[in-house]
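Sequence lines, in order, name chains P and F.
For what it's worth, my numbering labels the leading residue of the first sequence as 1183, then goes sequentially.
For what it's worth, my numbering labels the leading residue of the second sequence as 268, then goes sequentially.
It is worth saying that the hints were derived from the structure and are not from the lab.
From the three backbone atoms N, C-alpha and C, an ideal C-beta is built for every residue, glycine too.
Keep in mind that the hints are not guaranteed to be accurate.
To be verified - Below, simulated BS3-like cross-link-like pairs (lysine-lysine); rule was C-alpha separation at most 27 Å, straight line:
| hint | chain 1 | residue 1 | chain 2 | residue 2 |
| --- | --- | --- | --- | --- |
| 1 | P | K1271 | F | K600 |
| 2 | P | K1352 | F | K795 |
| 3 | F | K472 | P | K1352 |
| 4 | P | K1314 | P | K1271 |
| 5 | F | K759 | F | K794 |
| 6 | P | K1365 | P | K1314 |
Claimed, not checked - If you anchor each label on the Cβ, the simulated ranges turn out as follows:
| hint | chain 1 | residue 1 | chain 2 | residue 2 | range |
| --- | --- | --- | --- | --- | --- |
| 7 | P | G1350 | F | E771 | 53 to 63 Å |
| 8 | P | L1374 | F | F395 | 52 to 62 Å |
| 9 | F | R315 | P | G1350 | 51 to 61 Å |
| 10 | P | E1290 | F | M359 | 49 to 59 Å |
| 11 | P | E1290 | F | G744 | 32 to 42 Å |
| 12 | P | G1350 | F | E613 | 57 to 67 Å |
| 13 | F | N454 | P | I1319 | 37 to 47 Å |
| 14 | F | D586 | P | S1318 | 23 to 33 Å |
| 15 | P | G1350 | F | I464 | 48 to 58 Å |
| 16 | F | Q621 | P | E1290 | 53 to 63 Å |
Below are the chains, spelled out letter by letter.
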Amino acid sequence: MKTDIILSGVGGQGILSIAAVIGEAALKEGLYMKQAEVHGMSQRGGDVQSNLRLSDEPIASDLIPKGHADMIISLEPMESLRYLPYLKKEGWLVTNSRPFVNIPNYPEIEKVNAELDRLPHKVVLDVEEIAKEAGSIRAANIVMLGAATPFLGIDYDKIEAGIRHIFGRKGEDIVNMNLKALKAGYDLAQSLR
Amino acid sequence: MEKHLFLGDEAIAQAAIDAGISGVYAYPGTPSTEITEYIQGSPVAKERGIHCRWSANEKTAMEAALGMCYAGKRALCCMKHVGLNVAADCFMNAAMSGINGGMIILTADDPSMHSSQNEQDNRVYGNFAMIPMLEPSSQQEAYDMVYSGFELSEKLGYPILLRVTTRMAHSRAGVVTSPLKPENQMNCPVNGRQRFILLPALARKRFKSLLVSQEVFTKASENSGYNKYFDAPNKDLGIITTGIAFNYLSENYPDGFEHPVLKISQYPLPRKQVERIVNECKEILVLEEGYPVVEEQLKGFLGKGVTVHGRLDGTLQRDGELTPDAVGKALGKEIQSYYAIPEVVEQRPPALCQGCGHRDMYEALNEVIAEYNGAAKVFGDIGCYTLGALPPFRAIDSCIDMGASITMAKGASDAGVFPAVSVIGDSTFTHSGMTGLLDCVNENTNITIVISDNETTAMTGGQDSAGTGRLESICAGIGVDPAHIRVMVPLKKNYEEMKSIIREEIEYKGVSVLIPRRECIQTLTRKKKASKK
Ligand SMILES: Cc1ncc(C[n+]2csc(CCOP(=O)(O)OP(=O)(O)O)c2C)c(N)n1
Ligand code: SF4
């Protein structure tokens, strides 16, 4: 088993929490994992990405080679496209549909959607809407994680355990909110597949 | 045996704690910051009273670390690559004195400049100071190197430079830790003065000892388990890797290496193994993250003798970090992408947060600066406020190194530039702006200094800032006339007042310090969250 994932979004959207939860889950599953992220400049509203690699064998590189990613998980539609050169031919793109507009020249969303439409395997969903229904818009990143879970090759309950581990010190309410968000994303992606 | 998921930085921090350090000394800087932060949050560090407060800058940090090692205890000193420029004076001379308790100096280099102003390779400093260096290829190796590195430092009698790069510092992997060791007892050196007083007569002896030690350091490298030789049948090429370049090479050979490979993670170069690969292989390819340090050493000035490929002959790009693809290409492998980046994708540069006080400072400053029809020059500095260089502000004319805003504005003022304005952050001011301010005061330079005070070190994630609450008294103590130290609150409703103060102080012929003060909203939010818990 070997899964290479690119996580992308805009600084502050919470892709690093997604990575942290998957990381904990992978560790519990006894998998090897490497996860490279960029801190610093890029976190003030710039584009952020993280390379996440899971495998049942030792992993060499922290970075994913071009054309190797099994999936791109993105919290922002334009950002999901930025990393397409890394996607495998049969790879999946799972992205939030709602644009994050903090630049004056953000493209027309129709053009972004047209590019998404051209891809053979994608799931596009409004995670913020789902998160709101599940209780808090702040858990949009975890809804996205839920939607991506069926592709990860990690058991759902291990991801749940990862959430408990990462959010545990923030209190039971936050944990439950995130578990609910996870479930909502998971159910929806299952129904779309 | 416990397995943890650690960032490279966290692995280094945990290893230092487990190795029995009594202090970490550091000034924040990406990608090194998380090391000290991890130790600050560690229960063991708290229980043991391990020193972990931020220092004012990298030089004060390294000197304090050296002092702790003088007293026989173990200390870790961390900085980003450019921080070693600031600490270089101590660094070069600590290589002369040597240490007593073990000392590891960590440099976190940033090839590709993810968040830095250059991509200097601090292995050059290691060679310059002639001390041993370690360069891990994995988080586990980073842990092990630090865990055993203090002992190595004590055995050799010299500080050790540990070099990581962004992809090691900021990448997570599973790490197995080792048992916690006790701290060293305080134990000042018996004949310490012979070593630690670098008067010329004594220093000459120390330098000779350092020269003699080179052979010992090389032997240590040759016998180091971190330097590994992998033999393989096809000897048309031999490949030398350093640090994480080894991983990118392995990625390209999932079923085993085709050519002999020498993996280097401890310096000086292990002569025996380098000789072997050069003798056995027709040509050499060097894969290293950063400058062509090893490549240049092998090639020699005239490039005669060994045929060496790498960054110098264009086999690999001369600048930027390595990637598995760049290494694959250098090996002649085909890199296949199935989808291109669509044209609709635009750049998304970082920006000052909405509601940030630096924004209001720039809004007011820009309006006054515009009144001088292009004559005014604004010398910027390093921090969040450097983003004032980008639209919509385009407010600064320079950003070179920490503290340079004040001294460059001084030099420009000396040359006749008026208005000469400096914009500097509070943490940068106490890092290395204060001495420049003294120069200005001593000559009563016609200069206006804006210390944009957000009461934190925001750029690197909101660490404590050394001068918080005392900036006015620091400036007055340095000799700025208190009538020209003007505090304001950077908010839209205060623009008119701010503008008139800025105008007045620019027109004042002498040193004025303006302090727009409002807490960073990110730090404020974090504090609020923390107090709710
Ligand atoms: C010599 C050196 N050390 C560390 C850094 C990393 N660094 C960049 S800006 C900065 C601090 C900025 O703090 P401050 O001046 O208060 O500005 P703020 O980001 O809070 O606006 C640091 C530590 C650096 N660029 N150079
Ligand atoms: S982190 Fe703080 S100082 Fe930096 S841009 Fe945001 S509000 Fe301003």
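For each hint, the structure was consulted:
With a C-alpha separation of about 18 Å, the suggested pairing of P:K1271 with F:K600 holds against the 27 Å cut-off. Proximity of P:K1352 to F:K795 is assessed by CA-CA distance (about 14 Å); at most 27 Å being required, the pair is judged to hold. The suggested pairing of F:K472 with P:K1352 is violated, with an alpha-carbon distance near 58 Å, which exceeds 27 Å. Our distance criterion of 27 Å between C-alpha atoms is broken by P:K1314 and P:K1271, whose separation comes to about 34 Å.
Straight-line distance between C-alpha atoms of F:K759 and F:K794 comes to about 24 Å, which keeps the hinted pair within the 27 Å bound. The suggested pairing of P:K1365 with P:K1314 holds, with an alpha-carbon distance near 13 Å, which does not exceed 27 Å. Distance hint check: the CB atoms of P:G1350 and F:E771 are about 54 Å apart, consistent with the given range 53 to 63 Å. Between P:L1374 and F:F395 the beta carbons are some 59 Å apart, a value that agrees with the proposed interval 52 to 62 Å.
Judged by the Cβ atoms, the range 51 to 61 Å given for F:R315 and P:G1350 is violated: they are separated by roughly 25 Å. Restraint check, P:E1290 to F:M359: a C-beta distance of roughly 57 Å satisfies the suggested window 49 to 59 Å. At roughly 57 Å, the beta-carbon separation of P:E1290 and F:G744 lies outside the given 32 to 42 Å, and the hint is violated. Between P:G1350 and F:E613 the C-beta distance comes to about 39 Å, which lies outside the given range of 57 to 67 Å.
A beta carbon spacing of about 58 Å between F:N454 and P:I1319 contradicts the range 37 to 47 Å that was offered as a hint. As the Cβ distance of F:D586 to P:S1318 is approximately 44 Å, the hint placing it in 23 to 33 Å is violated. Checked against the hint of 48 to 58 Å, the pair P:G1350 and F:I464 passes, with Cβ atoms roughly 53 Å apart. A beta carbon spacing of about 24 Å between F:Q621 and P:E1290 contradicts the range 53 to 63 Å that was offered as a hint.
Violation of the numbered hints given earlier is confined to hints 3, 4, 9, 11, 12, 13, 14, 16; the remaining hints are satisfied by the structure.
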